[in-house]
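Student: Sequence:
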Amino acid sequence: MQRYPRTILRNDYIRAGGGVALCVPLAAVSQGSSFGFWLFVGLTLLFAVFGARTWLRGRAEYRLTEAGLLRTNVALKGQAATGIAWSELSGLTLRFYPLRRDRSDGWMQLIVRGSGARLSIDSTLEDFDAIAEAALAAGLRNDLPMTQTTLANFRALGFSPEKPADSG
Numbered sequence: 000m001q002r003y004p005r006t007i008l009r010n011d012y013i014r015a016g017g018g019v020a021l022c023v024p025l026a027a028v029s030q031g032s033s034f035g036f037w038l039f040v041g042l043t044l045l046f047a048v049f050g051a052r053t054w055l056r057g058r059a060e061y062r063l064t065e066a067g068l069l070r071t072n073v074a075l076k077g078q079a080a081t082g083i084a085w086s087e088l089s090g091l092t093l094r095f096y097p098l099r100r101d102r103s104d105g106w107m108q109l110i111v112r113g114s115g116a117r118l119s120i121d122s123t124l125e126d127f128d129a130i131a132e133a134a135l136a137a138g139l140r141n142d143l144p145m146t147q148t149t150l151a152n153f154r155a156l157g158f159s160p161e162k163p164a165d166s167g
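In numbering that gives the first Met the number 0, the protein residues as written are 0 to 167.
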């Protein structure tokens, strides 16, 4: 089972909580009907949604198998599972989001689609590279079209996104 590390989640909880804690008092003192009031109410909601999303990420578990990828969310009422079989993989995207202008730091997001399901995984997930490698292999087996950006991002991870030549 792969999960998001608690340190990453803790930092996101701090950001969400800090945003709510800052915006609620500012909304309260901004005179009810002013632009500032609605601005800070909107920002409070934005930080609250970010906190809820972080909580859901913390409750998610990913399982990589030879057959595919399964995400299990332990939600408020039981467990919800979403899975994509590699044989049914129909879309594959790998994006890089830089934190610095020189692109020396940042994170990647892997999006896999298949059988009407979509899974989005950040590179902060434990064993992200193993999942990305398995998704790439499945994409090559399924002859999926991939953008040049996706191919370049797989190369940046150290994977060869070229389909091996058929021997025979």
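Honestly, I wouldn't trust all of these hints.
Unchecked claim - Using C-beta positions, here's what the derived DEER-type ranges look like: (1) Gly-17 <-> Glu-125: 24 to 30 Å; (2) Leu-63 <-> Asp-142: 18 to 24 Å; (3) Ile-110 <-> Val-73: 18 to 24 Å; (4) Phe-36 <-> Arg-140: 52 to 58 Å; (5) Thr-64 <-> Arg-117: 31 to 37 Å; (6) Leu-63 <-> Phe-36: 45 to 51 Å.
Worth flagging that the hints you see were computed from the coordinates, not collected in a lab. No residue lacks a Cβ here, since even glycine has one placed at the ideal position from N, Cα and C.
Student: Each hint needs a verdict: does it hold in this structure or not?
Tutor: Tested hints:
As the Cβ distance of Gly-17 to Glu-125 is approximately 26 Å, the hint placing it in 24 to 30 Å holds. Against the hinted window of 18 to 24 Å, the Cβ-Cβ separation of Leu-63 and Asp-142 comes to about 22 Å, which satisfies the hint. For Ile-110 and Val-73, the Cβ-Cβ distance of about 22 Å falls inside the hinted range of 18 to 24 Å, so the restraint holds. Between Phe-36 and Arg-140, the C-beta spacing of about 55 Å keeps the proposed range 52 to 58 Å intact.
For Thr-64 and Arg-117, the Cβ-Cβ distance of about 18 Å falls outside the hinted range of 31 to 37 Å, so the restraint is violated. Under the hint 45 to 51 Å, the C-beta atoms of Leu-63 and Phe-36, about 47 Å apart, fit the expected range.
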